[in-house]
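Novice: Chains A and B, in that order, are what the protein sequence lines are. Take the first sequence: its letter number 138 is residue 138 in this note's numbering, and every next letter is one higher. Take the second sequence: its letter number 14 is residue 14 in this note's numbering, and every next letter is one higher.
I should point out that these hints are in silico values taken from the structure, not numbers from a laboratory. Glycine included, every Cβ here is placed at the ideal spot set by N, Cα and C. Be a bit skeptical, because a hint or two may be false.
[To be verified] In silico lysine to aspartate or glutamate, EDC-like type, Cα no more than 16 Å apart, as pairs: (1) Lys96/A - Asp78/A; (2) Lys66/B - Asp153/B; (3) Lys88/A - Asp153/B; (4) Lys37/B - Asp87/A; (5) Lys96/A - Glu49/A; (6) Lys37/B - Asp153/B.
[Stated by the list, open to error] Computed footprint of chain B on chain A; a stretch qualifies when at least three of its residues, placed anywhere within it, have a C-beta under 8 Å from a C-beta of chain B: (7) 9 to 15; (8) 32 to 42; (9) 68 to 78.
[What the hints assert, rightly or not] One-sided and incomplete, this derived list gives chain B residues near chain A with beta-carbon spacing under 8 Å: (10) Arg6; (11) Leu40; (12) Leu41; (13) Gly42; (14) Arg134; (15) Leu137; (16) Ser165; (17) Ala167.
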Amino acid sequence: MSRRTVAWVALAAVVVVTLAIVAWPRGGKPSAAQRVQSVSSELRCPDCESQSIAQSSTETARAARADIRTRVAAGQSDAEIRQAYIDKFGPSILLKPESGGLGILVWGLPAAALVLGAGGLVLALRRWRREPHLRPTEADRELVQRARPR
Amino acid sequence: MKYRARWIALAAGLVVTVFAVVLATQVGTDPRADANKSHLLGQNAPALDLPTLDGGRVGSSDLAGKIVILNFWNSWCIPCQEEHSALADFYGRHAGDPGFAMVGIVRDDTDGAIRRYVAAERVPYPVALDPGARASLEFGTRGQPETYAISPDGVITGTRFGPSSVANLEQLLAAARGQR
């Protein structure tokens, strides 16, 4: 196996291990309190700007946290709770765009741009590598020498 | 693949085009436009059971079969203060109708401040408190003032976010009567 192949294999291994560490589920099943915190942090506080229900201290945000706690205790899934809030307030209650419909563009376009950028970079690097590595000749050195101010 | 660079350029162009189309169709529209309308319009009104300022209670059973105007407000809210005279005039016009009810629901205020305001401004309609903001949440309120019209069969027929004039309130009433 050539040194170059070893380098590529090592790079691929690093990428796979990093992705595995990032994507690996942690800590098993979340507790009820963790779920309340998680869902509350995904929903916009209805009567304040750019704060989540988890962050806000308005009366409505406190009511919403209590409501989410009740829904979690009643066995509703995170998706069901989110949907209940979308039904009541509309999609703008979500702090993160939805992953379906038009929202998929918000997630998909940066990923597509990243892949295309990486592809373009690989092509450019290959092309640059194919170009001859020119070394200065004696004539070139003399030319530069003559052009230099004395 | 032959002409790989061209394919990548084509794909990049496609991404840029899609992005441009999204921008062209979305920019200029308020992404939170749906924050200014009620998503409960046409649905059954959430159940109510609230303490009133005079020590009683007001609930869905008291309001059943009537056209109901609910106004969510706070004493410290300037737009709420601005619409107060319109609400009082409107209530005066219809208070004698046995099929009509109007309730002011305090969203987030102190008991003392509300009592002082109601006494000073002589608020003529019943005022209910919303401890724990349960009703405010159930109605999907986003602030104050917000006014909801409920038909005699319990359906939300109209909403208004922001201060209302008498004409606005009459429109809400007409909608609740099915006269829209």
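Novice: Hint by hint, note whether the structure agrees.
Specialist: Quick rundown of the hints versus the structure:
For a cut-off of 16 Å, the pair hint linking Lys96/A to Asp78/A stands: about 14 Å separates their Cα positions. Restraint check: the Cα-Cα separation between Lys66/B and Asp153/B comes to about 8 Å, which is no more than 16 Å; the hinted pair holds. For the hint pairing Lys88/A with Asp153/B, the CA-to-CA distance comes to about 20 Å; that exceeds 16 Å, so the pair is violated. Using a Cα cut-off of 16 Å, the hinted pair Lys37/B and Asp87/A holds, with the two alpha carbons roughly 12 Å apart.
Our distance criterion of 16 Å between C-alpha atoms is met by Lys96/A and Glu49/A, whose separation comes to about 14 Å. In summary, the hint linking Lys37/B to Asp153/B is not supported, as the alpha carbons are separated by about 22 Å, beyond the 16 Å threshold. With 0 residues having a beta carbon nearer than 8 Å to a beta carbon of chain B, the region 9 to 15 of chain A misses the requirement of three or more and the stated coverage is violated. Check on the region 32 to 42 of chain A: 0 of its residues sit with their Cβ under 8 Å from a Cβ of chain B, so the three-residue criterion for coverage is violated.
Beta-carbon proximity to chain B at under 8 Å applies to 0 residues in the region 68 to 78 of chain A; the threshold of 3 is not reached and the given coverage is violated. At about 11 Å, the closest approach between the beta carbon of Arg6/B and any beta carbon in chain A exceeds 8 Å, and the interface hint on this residue is violated. Given hint, Leu40/B at the interface with chain A, holds; its Cβ is 7 Å from that chain's nearest Cβ, closer than 8 Å. The beta carbon of Leu41/B comes no nearer than 11 Å to any beta carbon in chain A, farther than 8 Å, and the hint placing it at the interface is violated.
For the restraint placing Gly42/B at the interface with chain A, the shortest Cβ-Cβ distance is roughly 12 Å, beyond the 8 Å limit, so the hint is violated. Checking Arg134/B against chain A: minimum C-beta separation of about 6 Å stays under 8 Å; hint holds. The interface hint given for Leu137/B holds, since its Cβ lies 4 Å from the closest Cβ of chain A, which is under the 8 Å cut-off. A least Cβ separation of about 23 Å between Ser165/B and chain A goes past the 8 Å threshold, and the interface hint is therefore violated.
Contact between Ala167/B and chain A, as hinted, is not supported at the beta carbon level, the nearest pair being about 26 Å apart and thus beyond 8 Å.
In this structure, the earlier hints numbered 3, 6, 7, 8, 9, 10, 12, 13, 16, 17 are contradicted, and the remaining ones agree with it.
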